[in-house]
Amino acid sequence: MTTANKITIIVLAILIAIISLWYGQNHGLLPAAVAPEAEAIDGLFDFMMIIATGLFLLIQGLLIYTAIRFRRKPSDDTDGPPIEGNVALEIVWTGIPTVIVLILSIYSFEVYSTIGGLNPKAAKDEGPQPVAEETQSEQGLMASASDYLALGLGESPANQAKNLTPLSIDVNAIQYAFLFTYPDTGVVASELHVPVGQPIQLNISAGDVIHAFWVPQLRLKQDAIPGREAQLSFTPEKPGTYPIICAELCGPYHGAMKTNLIIESQQDYEAWLQQQQVAQSESLDNAVALENSNSLLTPYANQLGVNQQLLDELKAYSQ
Amino acid sequence: MTTPVSTSQTEPQRNWKDYFTFNTDHKVIGIQYLVTSFIFYLIGGALAAAIRTELATPESDFVDPEVYNQLFTVHGTVMIFLWIVPAGAGLANYLIPLMIGAKDMAFPRLNAVAFWLIPVGGLLLMASFFIEAPQAGWTSYPPLSLTMGQVGEEIWILSVLILGTSSILGAINFLATIIKMRIPEMGWFDMPLFCWSMVATAIMVLLSTPVLAAALIMLSFDLLVGTSFFDPNGGGDPVVYQHMFWFYSHPAVYIMILPFFGVISDILPVHARKPIFGYRAIALSSLAISFLSLIVWAHHMFTTGTPAWLRIFFMATTMAVAIPTGIKVFGWCATIWGGKLRLNSAMLFGIGFVSSFVIGGLSGVMLASTPFDLHAHDTYFVVGHFHYVLFGGSVLGLFGAIYHWFPKMTGRYMNEFWGKVHFWLTLIGLNITFLPMHELGLEGMNRRIAIYDAEFQPLNVVATLGSYLLAVSTFPFMINVVWAIFKGQPASGNPWKALTLEWQTSSPPLIENFEEEPVLWCGPYDYGIDVPPEDQQSVQELLSEVKTDMGR
Ligand SMILES: [Cu+2]
Chain B
0 MTTANKITII
10 VLAILIAIIS
20 LWYGQNHGLL
30 PAAVAPEAEA
40 IDGLFDFMMI
50 IATGLFLLIQ
60 GLLIYTAIRF
70 RRKPSDDTDG
80 PPIEGNVALE
90 IVWTGIPTVI
100 VLILSIYSFE
110 VYSTIGGLNP
120 KAAKDEGPQP
130 VAEETQSEQG
140 LMASASDYLA
150 LGLGESPANQ
160 AKNLTPLSID
170 VNAIQYAFLF
180 TYPDTGVVAS
190 ELHVPVGQPI
200 QLNISAGDVI
210 HAFWVPQLRL
220 KQDAIPGREA
230 QLSFTPEKPG
240 TYPIICAELC
250 GPYHGAMKTN
260 LIIESQQDYE
270 AWLQQQQVAQ
280 SESLDNAVAL
290 ENSNSLLTPY
300 ANQLGVNQQL
310 LDELKAYSQ
Chain X
0 MTTPVSTSQT
10 EPQRNWKDYF
20 TFNTDHKVIG
30 IQYLVTSFIF
40 YLIGGALAAA
50 IRTELATPES
60 DFVDPEVYNQ
70 LFTVHGTVMI
80 FLWIVPAGAG
90 LANYLIPLMI
100 GAKDMAFPRL
110 NAVAFWLIPV
120 GGLLLMASFF
130 IEAPQAGWTS
140 YPPLSLTMGQ
150 VGEEIWILSV
160 LILGTSSILG
170 AINFLATIIK
180 MRIPEMGWFD
190 MPLFCWSMVA
200 TAIMVLLSTP
210 VLAAALIMLS
220 FDLLVGTSFF
230 DPNGGGDPVV
240 YQHMFWFYSH
250 PAVYIMILPF
260 FGVISDILPV
270 HARKPIFGYR
280 AIALSSLAIS
290 FLSLIVWAHH
300 MFTTGTPAWL
310 RIFFMATTMA
320 VAIPTGIKVF
330 GWCATIWGGK
340 LRLNSAMLFG
350 IGFVSSFVIG
360 GLSGVMLAST
370 PFDLHAHDTY
380 FVVGHFHYVL
390 FGGSVLGLFG
400 AIYHWFPKMT
410 GRYMNEFWGK
420 VHFWLTLIGL
430 NITFLPMHEL
440 GLEGMNRRIA
450 IYDAEFQPLN
460 VVATLGSYLL
470 AVSTFPFMIN
480 VVWAIFKGQP
490 ASGNPWKALT
500 LEWQTSSPPL
510 IENFEEEPVL
520 WCGPYDYGID
530 VPPEDQQSVQ
540 ELLSEVKTDM
550 GR
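Taken in sequence, the protein lines are chains B and X. So in numbering that gives the first Met the number 0 the end of the first sequence lands on 318, straight run, no missing numbers. So in numbering that gives the first Met the number 0 the end of the second sequence lands on 551, straight run, no missing numbers.
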């Protein structure tokens, strides 16, 4: 290899490294991150984007360069050089991906631990649990509780260290709505209101088919499975209104199964909670979910079968 | 070993009618597979165009929401079970006996049965549109699949069971043929790499497909007679279905891509005029992928009710797939590096395959990471990812294979100009269609929806336009094939000056493949080794020399 070639290769390698480092952190492909969990996952994604951009540029560059530089001359009917392999080179390109995926696995494991994935309360199968009495009577709509304890994300180690008590909220997914029950007050709502800075623990279940609870701005998703309960924990940080999306195909109106996550100040949250309590004690028969439903769902409400009886049953179940 | 002496003049010729009969010639069956699966590709493509048309607007306006779910359910099922899997089987049928110097497959009648199950399963699935189409997605998760219409769901189950049976029968045949019917001089490491990739594919099919069959039969019981294997209302567990389903369906992804890894490993050396770089590494990495594919299934279930140890274990195994895959990709790059590239349609599709597949591979490693998958699972990021693998990978590989082996199959060349038009339309179309999907998914668009947030419309319009370009791109190909069959420039037995055995017979090959048993006079990729440039002879001349030497 000539010195000029070596210099060219080094310059190109540095160029690829600079572009990858820059693009990996400035891709702008993710929505706002509104919780530390989301930031941890974003750090991981950016890191993967840096590596992916580097490999992308390397391989596409190689292919394009080869296709131009090594095209056959019209008059040349001979074969290329009979190079059948190169053990050193093959070890290098087996080794580099091995190291990359090892680093990625360890980094991913770290992030997964940071966001509470290894919390034993949420991560372990603790064997058969006694079936709750009420659920058995709700035949048809509610599946009986399963033999499994919650699975998903538990309280994060950081929050555990701070000894914060998480606010526990039950999420029940049905075709095609989410219902949020606040066990402390008995409030049932169709939107998820949470106070900023307060660690949240969602207990997610489903009433009919499998759904999934997903908030893109939290970067978190957990399937809601009939007969099982799953957990998802996060600490909301940035006030605002964000979409809650059902991410698992659940029927023809799956695309309309959306609602909002509202992260608000402690005062606003308490005011909202009080208002809900008053409203619900005034008229227990009111269709909570329907009147609060987001605009997309409402036009389909009748087709969807979200009727009064269903909501009453749900409320009876969740209380 | 002697073969009946017959010259090509008196050799009976294939009649077009043979292709519509229960014929046991592997070459007829191979072409039957390819043509049948291509017809289903057009059907699956039409369904995709309808899906993209619905998604051009955020509202549900082009079709009913139920119909939309039917469209993507049948689109997925058709493209997997009726296009890529059988098209790979078609190539394997056509090529394996020729590549190993055999007269036919090990079990010719079983082979014909395997093929004829395809139109049966396919027509059954198509009939569902006139009775009741399935609409629970190609994954058909219970309990949803148990509630969306009994008839449509059962048609889907039966159809997939029939197609799965066909796949198992084919795999038995490929393995038996490769193990038992190679010419005696051909050791395992003298085989073309396509044969290696089919060994790996067949092992996966045989180990995983029966598990899918079991899951579908249990689902049928739940659906028809009210058992509760998977129905939580009766104490069943829907997550068990997901484990069984993905135990097959993850290997299925490799069942769909490995044959085309083999195709590319065969196309690139021929048109680069250089040996494949690292033959053994590429051959054995196919087996490594085959083994790993059996222990990665739960990466489809990171957001399901799965415990942490399982999520971490499957993350690590999934990431490990990048290692054998990387060996292949770098091996391909090194193969063409420094060669004398003939940039014809086959080669362009070969290079295009590597380029597009790499994008799907990189996003695949990202998705393997459990925390990131919590965000990306079931979004358009995943849709973009697997279309880069299955369209950018498998479909480009398949087109490359057709341009490469068309002269062998028909004795005529395809038109190069229109081949290149086809290539560029396909490559540009696929990137316009599938690249924006990554961003859509990351920004918050989930998959399998007819109704989406208006902020996602611009990128969806781009994807829709790209899909129309892909639809257009099939026309130059179809016209080219039909034109070439009748009017294409005649091709010799070895138009590409390739070294594997299928090129040692006439084009198209005789009914029993070789006039006499072919001779292995060099390795499959010994380009530039045995033929010094100053003393170049045609393969035929060399062949006859070798024959004289051996006293035949
Ligand atoms: Cu849903």
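I should point out that these hints are in silico values taken from the structure, not numbers from a laboratory. Among the hints, a few may not be true.
For lysine-lysine, the following DSBU-like pairs were computed, each having C-alpha atoms within a straight-line distance of at most 30 angstroms [claimed, not checked]: (1) X:LYS419 - X:LYS179; (2) X:LYS102 - X:LYS496; (3) B:LYS72 - X:LYS179; (4) X:LYS419 - B:LYS72; (5) B:LYS72 - X:LYS496; (6) B:LYS5 - B:LYS72; (7) X:LYS102 - X:LYS16; (8) X:LYS496 - X:LYS486; (9) X:LYS486 - X:LYS102.
Listed next, the stretches of chain X that the computed footprint assigns to chain B, with coverage defined by at least 3 CB atoms under 8 angstroms from CB atoms of chain B [claimed, not checked]: (10) 24 to 36; (11) 65 to 72; (12) 263 to 274; (13) 348 to 359; (14) 413 to 424.
Model, not experiment: these values are computed from the prediction. Ideal Cβ positions, reconstructed from N, Cα and C, are used throughout, including at glycine.
Quick rundown of the hints versus the structure:
| no. | hint | result |
| --- | --- | --- |
| 1 | X:LYS419 - X:LYS179 | violated (39 angstroms) |
| 2 | X:LYS102 - X:LYS496 | holds (22 angstroms) |
| 3 | B:LYS72 - X:LYS179 | violated (42 angstroms) |
| 4 | X:LYS419 - B:LYS72 | holds (19 angstroms) |
| 5 | B:LYS72 - X:LYS496 | holds (17 angstroms) |
| 6 | B:LYS5 - B:LYS72 | holds (26 angstroms) |
| 7 | X:LYS102 - X:LYS16 | holds (21 angstroms) |
| 8 | X:LYS496 - X:LYS486 | holds (22 angstroms) |
| 9 | X:LYS486 - X:LYS102 | holds (29 angstroms) |
| 10 | 24 to 36 | violated (count 0) |
| 11 | 65 to 72 | holds (count 3) |
| 12 | 263 to 274 | holds (count 4) |
| 13 | 348 to 359 | holds (count 5) |
| 14 | 413 to 424 | violated (count 0) |
Violated hints for the displayed structure, listed by number in ascending order: 1, 3, 10 and 14.
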